Amino acid sequence: MKQSTFNNKYLPYVLLVPTFFILIVFLFYPAIETFRLSFFKIHPWTGVGKFAGFYNFIKIFTNTEYLRSFVLSAGFTLAVIAGGLFLSLLVALLLNKKIAGIRVYRTLLIWPYALSPAIAGALFNFLFNPANGVLCYFTGIRTWLTNDKTAIIVVIIAAVWKNLGYNIIFYLTALRNVPGAALESASIDGAGSVKKFFYITFAFLSPTTFFLFVMNTIYAYFASFGLIDVLTEGGPAGSTRILIYHLYKDFFVHSKIGYAAAESLVLFSLVVGVTILQFRTAGKKVHYQ
Amino acid sequence: MRRTKIKSIGIHALLISCILIISLPVILAFIISTQNEAQVMSYPPGLIPGTNMVSNYVAAWNAVDLGRMIFNSAFIAFGVIIGKVSMSLLAAFAFTHFEFKGKNILFGLILVTLLLPVPVRIVALFDVITRMSWIDTYMGLIIPFWASATSIFILIQRFKTVPSELIDASKMDGCHPLQYFFKVLLPLTKSTIGALVVINFIYIWNQYLWPLMATNSKEMRVVQIGIKMLMSTESSNNWAVIMAGVIITMIPPLLIFIIMQESFMKGFALQSEK
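Which chain is which? The protein sequence lines are A and B, in order.
Taking this note's numbering, I'd label the letters of the first sequence as residues 218 to 506.
Taking this note's numbering, I'd label the letters of the second sequence as residues 659 to 932.
In the SDA-like style, the derived pairs of lysine to any residue whose C-alpha atoms are separated by at most 20 Å in a straight line are:
| # | chain 1 | residue 1 | chain 2 | residue 2 |
| --- | --- | --- | --- | --- |
| 1 | A | Lys314 | B | Ile677 |
| 2 | B | Lys924 | A | Thr324 |
| 3 | B | Lys886 | A | Val470 |
| 4 | A | Lys315 | B | Ile664 |
| 5 | B | Lys759 | A | Phe237 |
| 6 | A | Lys314 | B | His670 |
| 7 | B | Lys761 | A | Ser221 |
| 8 | B | Lys924 | B | Leu844 |
| 9 | B | Lys924 | A | Asn394 |
| 10 | B | Lys759 | A | Ser221 |
| 11 | B | Lys886 | A | Ala348 |
| 12 | A | Lys258 | B | Asp785 |
If you're looking for bench data, these hints aren't it; they were derived computationally from the structure.
Treat the numbers as computed from the prediction; the structure is a model and nothing was measured.
Only chain B is shown next, with the shape it has when bound in the complex (with noise of 0.2 Å):
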């Protein structure tokens, strides 16, 4: 018995050095978010808060302009979701709730998109864009990405588990497909859907390579870039400032990912049985 509890003192232990170690890098972040300037330039550093808090965040917010920034990444990342998450309902119902000539070949074709990552048709999505005059505009950081092989597997995954006695039911009364898609499958889905809003959020949210190219002017900015620029524009490398911003940057998918936690870790599991 005795020799369980020591053992259990153990595990909590290391669990929670882990914990910090983890966390170390986020701690110290805000630590230094906190101090004047004296603090921030002293050596060596110092590792206890300040008291400029506010006005260090409240520069970090004025010096790129962080709100617009917040709304731009926030907008775009809602756009993604309701497009995506529609079309992918959509395929995933005529998948498996139909039988139809070339199925297989049409579910090949969404397969092959897993080998299509941004980076390797990026040359010609950049051309694509810019003739659709799209460049500098939410449409072009937020159509492209509204099929998505991995969010209709994850549905698929789902939907298979439905019992066949709910899709018999539904005929015998005579009801339309679609009827059955909104008043039986789709209430049954909830939590998936509501983890593909999690996992989509962080993913917009947090991509950078694609809106850094596709955006040119200031209020297209998203927040991503906004880092960037927090730390080019503060130049005399004012760290205080630009922690201050990346903390605030970091809130919105952070409060997502831990309100949503459950079901977010069912969405996981559905995804790594592909």
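Here chain A stands alone, though its shape is the one from the complex (with noise of 0.2 Å):
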């Protein structure tokens, strides 16, 4: 059904104008001059540019470090997304069930999705400091964070722990809203519990599992910087530098604005592939209705 209107002609586009406003000189002009910047060659000092076509990207893709930073980026999205969606959804079926003081269990379930990054970054550099780490006690290896095989380790870790209340606020509201009445029919079939799960549980958790996906590769290859910042700085030897932070040490250590705007545009293309991936899911939702 649709809602009813007001007539007025001139009153909507004056109620959109500030959005627009900002939209247009923070939003789509850097946006633009970004891509465009990505195919000049400008002078780090002096900020003169000069065409080059794809001499940025050709300069960024030759570039081992780079190539070596990308592959990790994807690597380290995955292992955030495979182990923040298991540990979370674990977590929302165990807060599905109906026993006393669900809402005080919630609540100390999810606190961690208020913390930032940078939070994560320093409590897990502290548990993971050579000197006298509790965690790297425990484990009887200090050099967690000082290998180059182990610290990526270390900010998967810390990453996960990070974004597991996100996850879990959403798979909780998800698994309610999964229709008891499928259940029901299912158990009539004589379908065991593991079954039901997989069958009909699963689907229809399937479009918010979807929405994780998206939302928790956003959040690898982006919200994490803070995070790398303060428990790595994307060392030891560039071993957890992932994309963003070779983007910012270049624009911003470097001042190499031609590469950092083609890297840019690298990410760019990244949040478009993700994007497109969960508007086609979207409408798998409507299939399981």
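Build the complex: two chains, separate frames, hints provided.
See below:
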């Protein structure tokens, strides 16, 4: 059913002016300008630019450090998604049981959502510090953060931990919306609880899983910057330098504006990719309802 | 009967162990923030609270001027929230309560902004802010964040559930759309606005990359950058003081989150429906 509307010719445009003013100045213009700059060679001090075609893209994609960072980011993101979604679904399933005190449990399980990636970085830096970090002591390994093979594992654990609350909230909401009727009829048909979970609950959870897949990808690629800056600064030996950290260094530390713009465009195509994926899978939602 | 009782005890036990595992990093951080220097340096690490709590928290507060940073973060968060929520309310009102030319195109343009998080336009955004002389000012940290697709979508979801009868009745009474907006619509939207306040407070308070680039004086730094500064100032790796600072900076968003949890959960539910 369609909602009633007011008849007013100019008012809706007036209402949209503030939003579009901000969008044009701080979103659309910078986005287009970044796109343009990615095809220019820019002098770091004078800022004078010269058209250079695909020079910047060729440069970054023939740089082994950048390629390594590219692969690292993808692996890091997959690990954050796999670990984060699996653990949060387990917790959400526990929270979905009908037992006393469930609200208190919920609060106590999702509160790390309110903490920042930088705080997660500081906490895990402390837990894994080589001198006397508690987790170094209990694992008997002191080199977690100083070894270029294991530092990324600490970064993954910290990133998963920080985002658990967010994922639990969405899985819990989705579990509440699984229709009891579907589960009941499955029970009548003699389905066990494991079967019920895989055939029914999992199917109903898939739109949320896709949504979280996209949100966690964005989180791993972008928001984990603060976590990495506090925890490892991209080290040791560049082993935790994901794309956003690479971009920050090229732009802000080395003033390679053209490279940085090209790197922004690479990240942009990634966002476009996962967003298309989300819209495609969002269509599937209808299928289950 | 008995079986279900055992089962429920099992679930309680599992939930409590989950809570302990999830809270462990913060519990350990709190314990160390109460210890004296000898306890902090001890090996194996001591897991018993000490008696140095007050002096550690005072030391953290003074080491990097946390008071100023907390003020900055809070001021920026509220500056963003006020502008963002009012502008999103107006935009969502336009999209749900009017028919106008170009509506789909304008809505599409707002949709497109979901593809443009700060990092993908940071190079030119930094240039824009520099040319406006907004580097190292509150404006540079507040105004670019006033337009938001997510907040507009959440409000549109909410406005769509308002019964048409209310609009028809207002029209019959000869009510101006803005009168309807302020007198009818806004009071119905209180809990959604509450949710937007929490979501955006946490989002802005926890931001890192943009404040790192857009500020450079000590006076303009925000708490997230303060954590890093604290870690480099405390060069002897005095984890007691560093963790005291970390705990101070996590309190404001946690308080807001816990107090406003109910409206926040409702807002989140709307977000996943977009």
